[in-house]
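Protein chains: 2
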Amino acid sequence: MKIVLLGSGNVATHLGPALQQGGHEILQVWSLTLSNAAKLGRVLSADFTDDLGTLDHSADIYIISVKDDVIGEVASSFPFPDKLLVHTSGTVGMDLLGKDRLYAGVFYPLQTFSKQKPINFQEVPVLIEGSTEEVNTNLNVLAASISKTVRAADSAQRASIHLAAVFACNFSNHLYTVSKGLLEKRGLDFNLLLPLIAETAAKVQSLDPADAQTGPAARNDQETISRHKEQLKASPDLLQLYSLMTESIIRCKHPDQ
Amino acid sequence: MKIVLLGSGNVATHLGPALQQGGHEILQVWSLTLSNAAKLGRVLSADFTDDLGTLDHSADIYIISVKDDVIGEVASSFPFPDKLLVHTSGTVGMDLLGKDRLYAGVFYPLQTFSKQKPINFQEVPVLIEGSTEEVNTNLNVLAASISKTVRAADSAQRASIHLAAVFACNFSNHLYTVSKGLLEKRGLDFNLLLPLIAETAAKVQSLDPADAQTGPAARNDQETISRHKEQLKASPDLLQLYSLMTESIIRCKHPDQ
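One line per chain: the protein sequences are A and B, in this order. Read left to right, the first sequence gives residues 888 to 1144 (this note's numbering). Read left to right, the second sequence gives residues 888 to 1144 (this note's numbering).
Worth flagging that the hints you see were computed from the coordinates, not collected in a lab. Check before you lean on any hint, since a few could be wrong.
Note that the list lumps identical chains together, so a pair holds whenever it fits in one copy or between two copies.
To be verified - Here are the simulated lysine to aspartate or glutamate pairs, EDC-like style, with alpha carbons at most 20 Å apart:
1) Lys986 <-> Asp1041
2) Lys1140 <-> Glu1071
3) Lys1004 <-> Glu1117
4) Lys1002 <-> Asp1098
5) Lys1140 <-> Asp955
6) Lys1004 <-> Asp937
7) Lys970 <-> Glu1117
8) Lys1035 <-> Glu1010
9) Lys1002 <-> Glu1134
10) Lys926 <-> Asp943
11) Lys954 <-> Asp1098
12) Lys1140 <-> Glu1010
13) Lys1116 <-> Asp955
14) Lys1116 <-> Asp956
15) Lys1004 <-> Asp1098
Just chain A, same shape as in the assembly (with noise of 0.2 Å):
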């Protein structure tokens, strides 16, 4: 397929290279800011633009990849009501791509995105979403060129979806966050924790993660969650957090509690 990239940000950066490997022919990025249209452009070879009255209309998709905020805006200023649009967020509706666009859709890669960190898309599923049958269609194919894991999800689905990766993906790496801080803090080197991030995620691709649960809280071992308490003191937001996560975790695996 012939695409135009609407959008220069890490889903974009991944995304396009990746739709060339399946065979698919970046024509042209666009780009609020045209130094990063340029930047993406020259790395796929492509034309690029920060106007979108300037938009290549030869193209069978074009692909929104910008931040939610904005999907909305440059949906509406786009200009061939006749073309297949598509947006590739977890968390907005079909429909801010306008309730009257006959040909739109959803291409929501379920990954977590940097542009420093390679990706093997193969392994990214992709949910889509089209607004009619042959919409469908083309997306499940396009989807399928790039990845081995492709499923349709309407946009409750999808939000649905969103909400958990949060949960798994931004919040777990928010704690690696964390607790890189409390090492820190006392001279200790962060890449000693790398095997037991590594493991707990190796884990529950095997194991239910219920079962895989382990520590304190899951023995609900009072002495140690008062010791980790009294070592927190001094946060009282990660000492809040500590407790909250504790009692879920012992609420989980010790409901008669």
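Got chain A; can you put chain B on it based on the hints?
Here is chain B on its own, set in the frame of chain A:
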């Protein structure tokens, strides 16, 4: 070295075979519950007992690997004052083994162990502490025979590392459980999140977790955050956890807000 294991839980179950592979001999397994001692004893082709009075006297080291709140009890009933006695806990001090004990130590493998999931012990950092230089040397040799990462850590440092590990591992795993629950409430499949969970942990093997942070809180995307809170309004506990984590991420990424 000749070793007696006191305990048959998750840690002992993984440590025993690793020590054997490191060239050591497990003479005996003791557990409070004879059937558990027997089970691990058979795996290790070692003697087993539930009676501290019948412990084999010929070992070089006795490794207590039981719940933290029973370590003191086991240590005070341990019959050989002249022998090297260590525990494997991250949370309790070495002094729990007896203040007057000449040869005492800690041998703390920094990892999450579940009986069902095999582990490569070479990748598990081992934190050691000894009551004498001789003990330190012996523990260092023992640890280096099973792991490529051995560090000295006193009881205060170990307590900080253990607390950080609770955030990075136990709490992250609980977030996986929470995310699974959110999906299952909608009939959606937790497996969809597995690549995301794997990648989140993989990213921080090379990126600083603060730099790897993505998601609505990292972008301070209040519209998405409001939508998520709306989705959670029927689960006050999860809503509180969501709010606390989100505020904590915003404080980290947008300290000026």
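Each hint, compared with the structure:
no. : hint                : verdict
1   : Lys986 <-> Asp1041  : within (15 Å within a copy, 64 Å between copies)
2   : Lys1140 <-> Glu1071 : between (31 Å within a copy, 18 Å between copies)
3   : Lys1004 <-> Glu1117 : neither (38 Å within a copy, 33 Å between copies)
4   : Lys1002 <-> Asp1098 : between (34 Å within a copy, 10 Å between copies)
5   : Lys1140 <-> Asp955  : between (37 Å within a copy, 18 Å between copies)
6   : Lys1004 <-> Asp937  : neither (26 Å within a copy, 52 Å between copies)
7   : Lys970 <-> Glu1117  : neither (61 Å within a copy, 33 Å between copies)
8   : Lys1035 <-> Glu1010 : within (6 Å within a copy, 30 Å between copies)
9   : Lys1002 <-> Glu1134 : neither (36 Å within a copy, 24 Å between copies)
10  : Lys926 <-> Asp943   : within (18 Å within a copy, 70 Å between copies)
11  : Lys954 <-> Asp1098  : between (37 Å within a copy, 18 Å between copies)
12  : Lys1140 <-> Glu1010 : neither (32 Å within a copy, 28 Å between copies)
13  : Lys1116 <-> Asp955  : between (38 Å within a copy, 16 Å between copies)
14  : Lys1116 <-> Asp956  : between (39 Å within a copy, 17 Å between copies)
15  : Lys1004 <-> Asp1098 : between (31 Å within a copy, 11 Å between copies)
Checked against the numbered hints above, the structure breaks hints 3, 6, 7, 9, 12 and satisfies the rest.
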